[in-house]
Amino acid sequence: MLAVLAELRNEQYGYTLRKSLAEQGVEIDEGTLYPLLRRLESQGLLVSEWREEDKRNKRFYRISREGKVILKQLLSEWQSIGRSLESVLKES
Amino acid sequence: MELLDRYLQAVRFWLPKAQRDDIAAELSEDIRSQIEERESALARPLNDSEVAGILKQHGRPFLVANRFRPQQHLIGPVLFPIYGFVLKVVAAFYLLPWVLVWIGLNVSRAAHSGKSLMEALASLWTAFWPMAFFIVGAITVVFAVLERVEAKSKFLDQWDPRKLPPVRDPNRIPVSATFTEVTFNLVFAIWLVAGMWYQTSLHFSGVSITLAPVWPYLFWSFFSLTAANILASGANLFRPYWTKTRALVRLVSDCIGSALFCWLLKANVFLSISVKEVAPEKTARVASAINWWAEKMFPFAIAACLVILLFDVYRIIRVSREPRRNGLLNQIHAATH
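Chains as they are written, first to last, in numbering that gives the first Met the number 0: chain A, 0 to 91; chain B, 0 to 336.
So that you can see chain A by itself, here it is in the shape it has in the complex (with noise of 0.2 Å):
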């Protein structure tokens, strides 16, 4: 969800985005991709709209205002476990 978020601060329809991420190494196929989407929008941290590129219609997302808030929240969140984690696997 994180990564989702964090690469939609740059619209992109959904094929766009599963191959970024794949390259990037965060391989989401694409029954889990979907409808993780719908869900962000129906939350209102997405927002979305089909629109034609390639002659082809496409919905393309990208991230909301509250979406950006909700992203800040869960990086800071997500940097505290991984120094939480790594305090702790130093001293094991």
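These are calculated hints, taken from the structure and not from any lab test.
On a predicted model such as this, the values are computed, not experimentally measured, just so you know.
For each residue, glycine too, the CB sits at the ideal point set by N, CA and C.
Please note that the accuracy of each hint is not assured.
[Unchecked claim] Here are the computed lysine-lysine pairs in the BS3-like style, where the Cα-Cα straight-line distance is at most 30 Å:
id	chain 1	residue 1	chain 2	residue 2
1	A	54	B	162
2	B	265	B	275
3	B	151	B	162
4	B	16	B	151
5	A	18	A	89
6	A	18	B	55
7	A	71	A	54
8	A	54	B	55
9	A	89	A	54
[What the hints assert, rightly or not] Here's a subset of chain B near chain A, in silico, CB distances under 8 Å, partners left out:
id	residue
10	29
11	224
12	250
13	253
[To be verified] Cβ pair distances, simulated, as ranges:
id	chain 1	residue 1	chain 2	residue 2	range
14	A	67	B	72	32 to 38 Å
15	A	61	B	155	37 to 43 Å
16	B	131	A	67	53 to 59 Å
17	A	74	B	42	31 to 37 Å
18	A	64	B	72	33 to 39 Å
19	A	61	B	166	56 to 62 Å
20	B	166	A	67	50 to 56 Å
21	B	155	A	10	41 to 47 Å
22	A	15	B	18	19 to 25 Å
23	B	166	A	64	19 to 25 Å
24	A	61	B	164	38 to 44 Å
25	B	41	A	61	31 to 37 Å
26	B	154	A	21	42 to 48 Å
Start from chain A and add chain B according to the hints.
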């Protein structure tokens, strides 16, 4: 692209109605992009089996559509363990005894009426399933309703640790059980001494019963066993814990009790009964019916005795295997009291 259209049609069928077109269009776009990318890499159009490969990778239409639906379940993971436990309890304490009693009654009836055993078992098959389905169905419906109520009221979150049951020690003999045993044995001993003694001829309220010559042996055996049981149960009042020795003593006592009871059933104890103003033929029929039923009860008595003895053996194994657990329980008792 006929294969793709067929795939999308199959997915659409299972999609939620309100979002059907939207999801299908997006899915179609994703798959088309994938096909195009592969075609440009190969510099030729994909054949049917290659398209089929891509579709197969996406997944079975029903499963793909299912991911877009809200998660639904009849009984969720919170209540499911309790549901499973209730089903097991019902199976062990209702369905299994029902089957055993049913088999017993019908086998005996079949033997009496000359029906074949297979006929009796076939009617068990037809009688059991509707009853079992009804019970399991009723329990499932109750839990499905509880699931909905729990989702709204969260009643499982309302609990008090102080209401949890106390730590249970399986090797402790409850005082209530000891009192019950002592009372039962005392009443039996008094009944034996006051009513039956060891004579073979009994007279009360105009009824005379003549018992078989074997009765005095049975009497003294039952009396001695009951007296020994009263002493053993009395000792439990002062040291209320099962030990290996006590469990062995109980096994021996139950073995003797079972053997005596089975002997009693086989012994044709009632020689004759006479009642004032009742024809001797009638009372002879009663005496013979009592002996007949006693003999018919023999296999059930054997089964019941086996269950009791198996439980006794299990108790010995449990007491022998659990010294560590007992030590832990003692530590808990010491820490909390």
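Structure-based check of each hint:
Under the criterion of a C-alpha separation no larger than 30 Å, the hint pairing residue 54 of chain A with residue 162 of chain B is inconsistent with the structure, at around 69 Å. A distance of roughly 28 Å separates the Cα atoms of residue 265 of chain B and residue 275 of chain B; the hinted pair therefore holds under the 30 Å criterion. For the given pair, residue 151 of chain B sits about 24 Å from residue 162 of chain B by alpha-carbon distance, which is consistent with the 30 Å threshold. Between residue 16 of chain B and residue 151 of chain B the CA atoms are separated by roughly 26 Å; this keeps the pair inside 30 Å, and the hint holds.
Taken as a hint, the residue 18 of chain A and residue 89 of chain A pair is broken in the structure, with Cα atoms around 35 Å apart against an allowance of 30 Å. Only pairs whose Cα atoms come within 30 Å are accepted, and residue 18 of chain A paired with residue 55 of chain B is accepted, the gap being roughly 19 Å. The straight-line distance between the Cα atoms of residue 71 of chain A and residue 54 of chain A is roughly 36 Å, outside the 30 Å bound, and the hint therefore fails. Between residue 54 of chain A and residue 55 of chain B the CA atoms are separated by roughly 27 Å; this keeps the pair inside 30 Å, and the hint holds.
Using a Cα cut-off of 30 Å, the hinted pair residue 89 of chain A and residue 54 of chain A is violated, with the two alpha carbons roughly 55 Å apart. Below 8 Å, beta-carbon pairs count as interface contacts, and residue 29 of chain B has one with chain A at about 5 Å; its hint therefore holds. Restraint check, residue 224 of chain B versus chain A: the minimum CB separation of about 64 Å is more than 8 Å; hint violated. With 8 Å as the threshold, the beta carbon of residue 250 of chain B stays out of range of chain A, its nearest partner Cβ sitting at about 52 Å, so the hint is violated.
Taking 8 Å as the C-beta contact cut-off toward chain A, the hint placing residue 253 of chain B at the interface is violated, the least distance being around 55 Å. The hinted range of 32 to 38 Å is satisfied by residue 67 of chain A and residue 72 of chain B, whose Cβ atoms lie roughly 35 Å apart. Hint check: residue 61 of chain A to residue 155 of chain B, Cβ distance near 41 Å, so the stated range 37 to 43 Å holds. Between residue 131 of chain B and residue 67 of chain A the beta carbons are some 58 Å apart, a value that agrees with the proposed interval 53 to 59 Å.
Remark: the range hint 31 to 37 Å for residue 74 of chain A to residue 42 of chain B is contradicted by a beta-carbon distance near 43 Å. Separated by about 35 Å at the C-beta atoms, residue 64 of chain A and residue 72 of chain B satisfy the suggested range of 33 to 39 Å. A hinted range of 56 to 62 Å holds for the C-beta pair residue 61 of chain A and residue 166 of chain B, which are about 59 Å apart. Between residue 166 of chain B and residue 67 of chain A the C-beta distance comes to about 54 Å, which sits within the given range of 50 to 56 Å.
As the Cβ distance of residue 155 of chain B to residue 10 of chain A is approximately 44 Å, the hint placing it in 41 to 47 Å holds. At about 22 Å, the beta-carbon gap between residue 15 of chain A and residue 18 of chain B stays in the expected band of 19 to 25 Å. Between residue 166 of chain B and residue 64 of chain A, the C-beta spacing of about 56 Å breaks the proposed range 19 to 25 Å. Between residue 61 of chain A and residue 164 of chain B the C-beta distance comes to about 57 Å, which lies outside the given range of 38 to 44 Å.
In this structure the supplied range 31 to 37 Å holds for residue 41 of chain B paired with residue 61 of chain A, their Cβ-Cβ distance being about 33 Å. About 45 Å separates the C-beta atoms of residue 154 of chain B and residue 21 of chain A, a value consistent with the hinted range of 42 to 48 Å.
The structure is inconsistent with the numbered hints 1, 5, 7, 9, 11, 12, 13, 17, 23, 24, although it conforms to all the rest.
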